[in-house]
Amino acid sequence: MAVTRHSVAVAPVRSSGPVKIWFTRHVSTALGSLGRIVRQPFASLMIILVIAVTLALPAALSLAVKNFAAISGSWDDALDFSVFLRDDLSISEAQGLARLIGQRADVEAVRLISADDALREFKQQSGFGDALDHLAENPLPHTLIVRPSGANTGQSMNLLREELQNLPETDLVQLDTDWVQRFQAILDIARQIILIGSMLLGLAIIIIIGNTIRLDIQNRRDEIEVTKLIGASNAFVRRPFLWGGFWYGLFGALLALGLVQYGLYLLRPTVARLAGLYQSGLSMLTLDAAESLGIIGIGILLGLVGSWSAAARHMRAIEPR
Amino acid sequence: MIRLETVTKRYPGGQDALSGLTLSVAKGEMVFVTGHSGAGKSTLLRLIALIERPTSGQVIVDGQNTRRVRRRKIPKYRRQLGMVFQDHKLLYDRPVADNVALPLIIAGVGHREAHRRVRAALDQVGLLHKEKRTPETLSAGEQQRVGIARAIVTRPKVLIADEPTGNLDPDLSLEVMRIFRRFNEVGVTLLIASHDIALIDKLGCRRIALENGRLQDEFEDELVMDFGGQPPGGTEHGQWP
Numbered sequence: 152m153a154v155t156r157h158s159v160a161v162a163p164v165r166s167s168g169p170v171k172i173w174f175t176r177h178v179s180t181a182l183g184s185l186g187r188i189v190r191q192p193f194a195s196l197m198i199i200l201v202i203a204v205t206l207a208l209p210a211a212l213s214l215a216v217k218n219f220a221a222i223s224g225s226w227d228d229a230l231d232f233s234v235f236l237r238d239d240l241s242i243s244e245a246q247g248l249a250r251l252i253g254q255r256a257d258v259e260a261v262r263l264i265s266a267d268d269a270l271r272e273f274k275q276q277s278g279f280g281d282a283l284d285h286l287a288e289n290p291l292p293h294t295l296i297v298r299p300s301g302a303n304t305g306q307s308m309n310l311l312r313e314e315l316q317n318l319p320e321t322d323l324v325q326l327d328t329d330w331v332q333r334f335q336a337i338l339d340i341a342r343q344i345i346l347i348g349s350m351l352l353g354l355a356i357i358i359i360i361g362n363t364i365r366l367d368i369q370n371r372r373d374e375i376e377v378t379k380l381i382g383a384s385n386a387f388v389r390r391p392f393l394w395g396g397f398w399y400g401l402f403g404a405l406l407a408l409g410l411v412q413y414g415l416y417l418l419r420p421t422v423a424r425l426a427g428l429y430q431s432g433l434s435m436l437t438l439d440a441a442e443s444l445g446i447i448g449i450g451i452l453l454g455l456v457g458s459w460s461a462a463a464r465h466m467r468a469i470e471p472r
Numbered sequence: 007m008i009r010l011e012t013v014t015k016r017y018p019g020g021q022d023a024l025s026g027l028t029l030s031v032a033k034g035e036m037v038f039v040t041g042h043s044g045a046g047k048s049t050l051l052r053l054i055a056l057i058e059r060p061t062s063g064q065v066i067v068d069g070q071n072t073r074r075v076r077r078r079k080i081p082k083y084r085r086q087l088g089m090v091f092q093d094h095k096l097l098y099d100r101p102v103a104d105n106v107a108l109p110l111i112i113a114g115v116g117h118r119e120a121h122r123r124v125r126a127a128l129d130q131v132g133l134l135h136k137e138k139r140t141p142e143t144l145s146a147g148e149q150q151r152v153g154i155a156r157a158i159v160t161r162p163k164v165l166i167a168d169e170p171t172g173n174l175d176p177d178l179s180l181e182v183m184r185i186f187r188r189f190n191e192v193g194v195t196l197l198i199a200s201h202d203i204a205l206i207d208k209l210g211c212r213r214i215a216l217e218n219g220r221l222q223d224e225f226e227d228e229l230v231m232d233f234g235g236q237p238p239g240g241t242e243h244g245q246w247p
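Residue numbers (this note's numbering), protein chains in the order written: chain A, 152 to 472; chain B, 7 to 247.
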């Protein structure tokens, strides 16, 4: 136990590469904070669950809006123009017009429903069959069902509609987009509500994590005091708490993703049934990689902001006495 | 190494913990501060550690006027001091080795180097075989030695100790003082607050007696001034056994 000059003599504190030390110190602090969370599994799980639910709620709602928007978008694409021709047009004139319109680049297909066909179909479907037999003449015009090509933009759709309307043979062009537009306006409102709600929930997460870290700081008050007493800076004592916030945010976000995926899994049979009714390949949009990373990033950011706000406020107050 | 010039510390409420105190501790000296509780021993050490700032006067440690050390720079200032406390101030949730390593981690010493120095420091206080124990499984004397190992692991030039033997029986106290003495022999400047006069007399170090925040003995005060920062080796006050 002999004390030699070598072992006690004043020597500058040697550091082996500041970046490497900075890195290893962060890794060990991060692991230490993780260990603390793991050692209190129940309390930690509660906090993580609260964060997860708070994150999952807006994520799920946004996903729902995204799906509705996609569906209404597909309606938009599938909209056909109904071009009702003038009464006095003969069937051959109508056929000629159909061929002519069909050659347009912005039109995918044209289908002619002759006045006779339309009446027959109407008789079958309306149930007024016998009553309609008494009509002196067919009141229905020939109709062209014009399907615009997929490359159309909203502007070229309007142009197409205008040109169809201006044809001398045309009586009326109908495109019932009003309700689609209303639906999309409702979706816009829903998006805004979700955005505002998300901000409030984000604030809630900051407060939850901030409060958790504040309690953690109070529990470790003695430790902070001693560490400061032997020369630790505020940044040094703050670091484990910031990592704590980081972990809470990360795990909360991961669990939120799990909750959303589980919700989608539960919805799958219902959506499949709906798709079956429509006889379409309707499939649900899920969270893509960018959105998932976004949620994780938001979780971590909120965790850091929450822990920073708590640490900055309470760390300064703890000074050695 | 440590110099106080007409230092007054007045606490809210009006009484002076220290009033116009002037003293100096030379480089390589081992000095005891004695006095009744309330005489100002702890305040003196707290001013040196920058836990508090003087109401007036100057505290100069290793050429640095503490008045010029800004709040943000206090951690860096403290890192050059070794501090030992009566209640050890250990962290009870981690093993002895981690407690001793703490100042090195704060200073940013690499893992391997830190490990080596921790073992060296524990070896110097005779606790190398207990590095993996937690502090509460150790006796009071052993805990205090862990506290000392932590104070010297960064190889400070100055070590201050506030009643380091306050909770220890005479044998353990002597053991702790012997450890301090060994550090002093390799050039560490020590300032130790203690009321254990019998023990101090056994060590034969210089003694600064405080009473009501002043030097008890004006004569001793003048002697300190005469030394003018030189080691008082060979004088009757600075004699080492």
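One should not assume that every hint holds.
[Unchecked claim] Derived, one-sided and incomplete: chain A residues facing chain B with beta-carbon distance under 8 Å: (1) VAL377; (2) THR378; (3) ILE381.
Since the hints were made in silico from the structure, they are not lab data. Keep in mind it's a predicted model, so treat the numbers as computed, not measured. Where is the CB? At the ideal position from N, CA and C, for every residue including glycine.
These are the hints, each one checked on the structure:
| no. | hint | verdict |
| --- | --- | --- |
| 1 | VAL377 | holds (5 Å) |
| 2 | THR378 | holds (7 Å) |
| 3 | ILE381 | holds (5 Å) |
Taken one by one, the earlier hints all hold for this structure without exception.
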